[in-house]
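Protein chains: 2
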Amino acid sequence: MENKQMLMIPGPTPVPESVLLSMAKSPIGHRSGDFSKVMEECTSLLKWLHQTESDVLMLTTSGTGAMEAGMINFLNQGDRVLVGVNGKFGERWGEMAQMFGMEVEIINAEWGKPLDTEVFREKLEGDKNKEIKGVIVTHSETSTGVLNDLETINKYVKAHGECLIIVDAVTSLGAVNIPIDEWGLDVVGSGSQKGYMIPPGLGFVACSKKAWKAYETAKIPRSYLDLMPYKKSAAKNTTPFTPPVNLIFGLQTALRMMKAEGLESIFARHQRLTAATRAACKSLGLPLFAPDDAASTAVTAVAPTNVDAEEVRGVMKKHFDIALAGGQDHLTGKIFRMGHLGFVCDRDILAAISSLECTLQKLGVEGITPGSGIAAAAKVLAES
Amino acid sequence: MENKQMLMIPGPTPVPESVLLSMAKSPIGHRSGDFSKVMEECTSLLKWLHQTESDVLMLTTSGTGAMEAGMINFLNQGDRVLVGVNGKFGERWGEMAQMFGMEVEIINAEWGKPLDTEVFREKLEGDKNKEIKGVIVTHSETSTGVLNDLETINKYVKAHGECLIIVDAVTSLGAVNIPIDEWGLDVVGSGSQKGYMIPPGLGFVACSKKAWKAYETAKIPRSYLDLMPYKKSAAKNTTPFTPPVNLIFGLQTALRMMKAEGLESIFARHQRLTAATRAACKSLGLPLFAPDDAASTAVTAVAPTNVDAEEVRGVMKKHFDIALAGGQDHLTGKIFRMGHLGFVCDRDILAAISSLECTLQKLGVEGITPGSGIAAAAKVLAES
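Protein chains in written order, with the working numbering: chain B, 3 to 386; chain F, 3 to 386.
FYI, nobody ran anything at the bench for these hints, they're computed from the structure. Among the clues, some could well be false.
Treat identical chains as interchangeable: a pair holds within one or across any two.
Straight-line alpha carbon distances no greater than 25 Å define the calculated BS3-like cross-link-like pairs of lysine-lysine that follow [unchecked claim]:
| id | residue 1 | residue 2 |
| --- | --- | --- |
| 1 | 39 | 6 |
| 2 | 39 | 319 |
| 3 | 49 | 234 |
| 4 | 27 | 320 |
Turn these sequences into a full structure, and let the hints guide you.
Below, the structure written as structure tokens:
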């Protein structure tokens, strides 16, 4: 049906009506006092969301632009960096670091499996001359639904003492606890079309004091993505370049909603939706691509063996107006991904799972017990 | 009055209600067939607007990001480049080119005066060894309301034969004729919050075949702002990174409106509004900062001698709900700027001029004939 689509991809995520309506307001001048007030509130709420007293800067970019800024402002050409790669986004950061002339050491894991934290420990403990300048980790690997063990990897980075940890939190921020200051994370990048519940177009970079220290000796040429002008402007509740005023109106509304819900409730909700989705898939005999102990709370990837993943997506879209994501690169056609990130409630999961059950029946998948998926999901939701 | 503000700054410009409502639609997946159709239409209409058969690429950036992409993809470190500087934006491109290690030669003109095309001719004709690789020109200098003579400067660039012309058309695109293919302009950068009639958040870069030839030897490290992935993706009606879906919904609506109005009508309207504004200011004894033969059709800067520019802005805002822009850098407090770019009609100019007249009366400015400003504006509008 027209205008009836339910977005269950891992971004863009569903946007609350109140946010959409905020964005439909006429723009105001970005150098006005009224806009400064909006910036002030957003900056304060962004710090709350990021659990940090340090800077959270707002860029007119996608999440990829934010991650590039997070690298080139704090690392140098020739710097030895470890990049965890177990999916498409980790791969992208490795290529990006290479493009900027860093000496990149890829720490691979199979797509669908979490990064082995022990490899990071060995490399970091073995680096007696402190040559490793950065560790780049994708927290929630959107392409596979794997949540990497950021807390443990970060402990080894802290024990190393010298190098920075640069985190792709694009689909984990607002979906799982990332206490930036408590853990001492240095650079955390994210994008608006994910846990923030607003459309794409804004990138965010949180930067620690240690990162700013590294900035002083960072020499990669940069201008639009140079973070210092953003930091200086943010201190005056403004921006160095014209910001996307209407998206920021949306951000203000969305952050207020998040604040009202509270961080713990937000994280618990994502946990609950993930558990319900996974329980349902198991009951329906649908193999999950990521293991239980490394499950992203943003997206669940399913690797069906007795039905074509693309056919599932097709029926879900055509008959139930639900958009699921497919696999990327070599996973194309092998998995489908169900997003449960941001503005998603329990009812949405029940609707999606019951539609999935019906889809499997339409496709003539054998051996499933009708109602078993929704029963499993409902049990999780009822008990949590 | 709340929600009654009339934006007369040179960006963000007023946004049509239909565009605002397009942006308030729920986002759809950026990798979906439905979104590809939107991209296809936008790309086609962007080429129409730019009067080019070559590429017009869409980036999630401000206009500054688009201009950076326009430089670093086609020029190299050490390249000799001429940068015209007669205002804040020209100055920015000079600093940016320097940041990326280019050998920058600034061609200055007084702020408020147009660039001297003869200096470009001399430099380019004198460059027998073809060392000049780029000429960077701000077409409409937003900070002063001066329209530089792009056509003439470009003729000297064409006569030189080797170097590229890189144009900041941020406030001229859609406000004055820029026949990109006919003139053979190489790189033309712009931003959404100007003639496009949509909020900020999208940058555009038009690139000629000659520019793509230069791309092959361009070595400045870049990733998010590397234009080749945008070109390749655009050919498939998609984007390399998540695009600002809702802004692109707005863009689609705005470009349809522009197509319906027609390029000639759009340019004639901007010409008419500019002429009316300038005639009114002259009648009111308000000195215009830019000369008549170099007047931007996007913004008119006024340098009042018998009243404080900031007081004028204050009364216009407080009593008439009209936002004017102030002066930047050393022009702060010395000029005010009245935007008439994008979604602005004849009635808006009459409202603004009559409010300005009333403002001058409130401020006790002597020697003005009440009604003379609006009479002069009305005459222009009635006769054109």
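Against the structure, the hints:
Taking identical chains as interchangeable, the C-alpha atoms of residue 39 and residue 6 lie at most 25 Å apart only when they sit on different chains, with a minimum of 18 Å there against 36 Å within one chain. For the identical chains of this complex, residue 39 and residue 319 are inter-copy neighbours only, at 17 Å across copies versus 42 Å inside a copy, given an alpha-carbon limit of 25 Å. For the homomeric pair residue 49 and residue 234, the shortest alpha-carbon distance inside one copy (16 Å) is at most 25 Å, but the shortest distance between copies (37 Å) is not. Proximity of residue 27 and residue 320 under a CA criterion of 25 Å is satisfied inter-copy only: 20 Å between copies versus 33 Å inside one chain copy.
In this structure, none of the earlier numbered hints is contradicted; all agree with it.
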